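Generate the whole structure from the sequences, applying the supplied hints.
2 protein chains.
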Amino acid sequence: MELTMLGTAAGRPAEGRNVTASALAMPPQRGTFWLFDCGEGTQHQLLRAGLKLCKLERIFVTHLHGDHVFGLPGLLGSRSSMGCETPLTLHGPRGIRHWLETTFTVTGAHVHYELEIREIDGDGGVVHEDDQFTVTAAPLNHRIACYGYRIEERPRPGKLDAAKLAELGVPQGPLYAQLKRGEDATLPDGRVIRAADVVGPPIPGRIIAILGDTTPCDAAVRLAEGADLVVHEATFEAALADKAAEYGHSTTAEAARTARDARAARLLLTHFSGRYRDEDLPRLEAEAREVFPSSAAARDFLTVQLPHKRRT
Amino acid sequence: MELTMLGTAAGRPAEGRNVTASALAMPPQRGTFWLFDCGEGTQHQLLRAGLKLCKLERIFVTHLHGDHVFGLPGLLGSRSSMGCETPLTLHGPRGIRHWLETTFTVTGAHVHYELEIREIDGDGGVVHEDDQFTVTAAPLNHRIACYGYRIEERPRPGKLDAAKLAELGVPQGPLYAQLKRGEDATLPDGRVIRAADVVGPPIPGRIIAILGDTTPCDAAVRLAEGADLVVHEATFEAALADKAAEYGHSTTAEAARTARDARAARLLLTHFSGRYRDEDLPRLEAEAREVFPSSAAARDFLTVQLPHKRRT
Ligand SMILES: [Zn+2]
Ligand SMILES: [Zn+2]
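One line per chain: the protein sequences are Y and G, in this order.
The opening position of the first sequence corresponds to residue 1 in the UniProt record's numbering, with each subsequent residue numbered one higher.
The opening position of the second sequence corresponds to residue 1 in the UniProt record's numbering, with each subsequent residue numbered one higher.
Since the hints were derived computationally from the structure, they do not count as laboratory data.
Note that the coordinates shown come from a computational prediction; the quantities given were computed from them, not determined experimentally.
Incorrect hints may appear among the rest.
Identical chains share a label here; the pair holds if one copy fits it or two copies do between them.
What the hints assert, rightly or not - List time: in silico SDA-like cross-link candidates among lysine to any residue, alpha-carbon distance up to 20 Å:
{"id": "1", "residue 1": "Lys164", "residue 2": "Ala286"}
{"id": "2", "residue 1": "Lys243", "residue 2": "Ser80"}
{"id": "3", "residue 1": "Lys243", "residue 2": "Ser81"}
{"id": "4", "residue 1": "Lys243", "residue 2": "Gly83"}
Okay, structure coming up:
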């Protein structure tokens, strides 16, 4: 899995930075990706990043400010006109359906694939669950309803101890699978092999928290708890905490405190105000690192690898 | 005056081509520009072209298909968030107000400058008039209501014949201005100087026709009549006339016939289907030139100069 930042600017596009979107590549066997937010020009960024719209499986929208959604109508339309037939599910705050339906009606657009729109309301909760992942949404604190997302991969079964299995004379085949699932197995000769004796501890799943625009809040910390990666807005530098609070945003230091309090492994800062240019990023990054050393400032097209955790 | 093509692709962005928009720079003393259509990413293209949103005076939308309007909400919002205070008028087919108002409401957007939305309905007609220009809209023939625009500059008074005025003993000053306006003038000594004797013929204004998506039709020819420049879609190559007709579009050769029948000076082809790449453009251009020699295929960021006509 890897996360590619498609837009890292707040409010409006700047030179070399587009408005918010990021693409989370699912595990390779799945071959798909999920999109988080979809500012204007996101379909252009996907084109540049070489990510195919037909492989887009799911979109999660944090909130309905234009810099997070104005790329949706074009992206949804292009995904149809280029002939994609795979279904797509869109998760987002209440109001998104009305806006998209009005947009489609007024502009005479149709999508020819199955598009499911699932609105999120109130306290959020589990918004998606499949055999590999659970996604939880929780309300943050912004000027309008805004959700953060926690993506949790299910733990995977531990590794079979092949040497031990050979020593015990367990024949390869269905019994191996049974043991790997954690079930004890009875051999043809009547001996019972306990899964716990031949299977290593489960491999914990990866956790990624992708938060929307917000002031520092408990919900952000809870969503980011123990995450391998937290993507957090840092619209302003540490000295502008008042301004950040006034507009419902966070500073670099505030984002870092959330990551620290959540005992996350890494923090990726994004959604920088237009006042900051590329040459300001090292300074913003340094502000966060003072609080939380594993901080980095995102740039458009930065890709962060999310390797499996080692066995604990 | 000059016209800069900001997007020349049909339907969805392609490599190196954005969806439709073009910017018409007004005469230098005005310092503003007009925008024709506003596909997704137009504000990004303006940024790249160095055109300032605060200088945008007027937007004309041909029709409500997404590839011509999905850049509007972001552009209108950015124009406000960057602090522009100059008013802006948006002309477009009926439905555009409802869509923009819904979009602003759902996304909590506000614009802090004066935004006037003027809907065009039925047969169109004169949609804008000022001391320099008249803009006429007329319905074309597309899958939904679509208008073409004819921008006509008013003729400017002819040049004063300075030698003749000196010979006649006309004193410089208010009498010169009066004669230049075409009014006869009475000298202090009682002689009457006829404007027609000392002022050259009026300098005709420039005419630009920017048409929307359409099959070949009489309205297109009328809008383009005698134009210095016609911007016409050429979604398909000449051999695909059936396909063009089926989707409400034109071929290269059809666009060229319209320019020829309108006795226009120059034709700029745009809105190319995604099936065509840069290397196909010379071929498309050649198809048009067979019918109308002064044809050219547009590329993104191509700027066409529109010099004053010579005196006729
Ligand atoms: Zn934002
Ligand atoms: Zn079009």
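Run through the hints listed earlier and report the numbers of any the structure violates, in increasing order. Violated hint (a single one): 1; every other hint is consistent with the structure.
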